[in-house]
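> Whenever a hint applies, use it, and build me the whole structure from the sequences.
Take the sequence shown: its letter number 11 is residue 114 in the numbering used here, and every next letter is one higher.
Be careful, since some hints might not be right.
Below, a list of computed lysine-lysine pairs in the DSSO-like style, where the Cα atoms sit at most 27 Å apart [as the list claims (entries may be wrong)]:
(1) Lys221 <-> Lys249
(2) Lys275 <-> Lys249
(3) Lys275 <-> Lys246
(4) Lys164 <-> Lys151
(5) Lys249 <-> Lys212
(6) Lys249 <-> Lys266
(7) Lys172 <-> Lys206
(8) Lys246 <-> Lys221
(9) Lys164 <-> Lys249
(10) Lys206 <-> Lys275
(11) Lys221 <-> Lys172
(12) Lys212 <-> Lys266
(13) Lys246 <-> Lys206
Hints are computed from structural coordinates only; laboratory data are not their basis.
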Amino acid sequence: MNKYIVARPLIANGFIYCLFVILALTYTGYSHAQSSIYLVRHAEKVIKAGLENPPLTAIGKFRAENIAKQLAEIGITHIYSTDYLRTMQTAQPLAAYLGLEIKTYDPRKLREFAEQLKQLQGATLVVGHSNTTPELTALISGKTVKAISENEYDNLYQVIITKQGTTLNQFKSIPSYVNINKNNEN
Numbered sequence: 104m105n106k107y108i109v110a111r112p113l114i115a116n117g118f119i120y121c122l123f124v125i126l127a128l129t130y131t132g133y134s135h136a137q138s139s140i141y142l143v144r145h146a147e148k149v150i151k152a153g154l155e156n157p158p159l160t161a162i163g164k165f166r167a168e169n170i171a172k173q174l175a176e177i178g179i180t181h182i183y184s185t186d187y188l189r190t191m192q193t194a195q196p197l198a199a200y201l202g203l204e205i206k207t208y209d210p211r212k213l214r215e216f217a218e219q220l221k222q223l224q225g226a227t228l229v230v231g232h233s234n235t236t237p238e239l240t241a242l243i244s245g246k247t248v249k250a251i252s253e254n255e256y257d258n259l260y261q262v263i264i265t266k267q268g269t270t271l272n273q274f275k276s277i278p279s280y281v282n283i284n285k286n287n288e289n
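Structural data, given as structure tokens:
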């Protein structure tokens, strides 16, 4: 049996520091920000042959809860997700905490969606996929964004849109668990 320990001290020291930077940028140097858009890929999904719309794994659910905890106090007013179970389950904890509706978007129409997001005021969370999140981030920010590999779940992008221009920040979060079993026994 694998033994996992929650990496709360690591999360507190690493990811919260990143969010402190985000908050500092959002509420100080960029106090005239018209909008801040936070983009994440869905959390870890079940990988099983023939499963077309997989749910999150237990680790993925834990990561979704951590995303909610980290973004809960930054003033999110809009939450968007594709209409897939894994993206909706990633967005759901924050939506429940804030009492917000999750609005869906079509990942095949990213250009139109990017233009829609640019018009929003306030802070927005967008949950997408490994192939759509970097592309959407690039469309909003006008900057080149590196592709996400199929096994990466820890990218957080922040696009700040002001009258002076657009700023892109990218953060890496701490893994949602630490495997303390060196033999990797089942």
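> If a hint holds in the structure, say so; if it does not, say that too.
Here is what the structure says about each hint:
no.	hint	in the structure
1	Lys221 <-> Lys249	21 Å, holds
2	Lys275 <-> Lys249	13 Å, holds
3	Lys275 <-> Lys246	18 Å, holds
4	Lys164 <-> Lys151	17 Å, holds
5	Lys249 <-> Lys212	20 Å, holds
6	Lys249 <-> Lys266	26 Å, holds
7	Lys172 <-> Lys206	20 Å, holds
8	Lys246 <-> Lys221	14 Å, holds
9	Lys164 <-> Lys249	25 Å, holds
10	Lys206 <-> Lys275	25 Å, holds
11	Lys221 <-> Lys172	25 Å, holds
12	Lys212 <-> Lys266	26 Å, holds
13	Lys246 <-> Lys206	25 Å, holds
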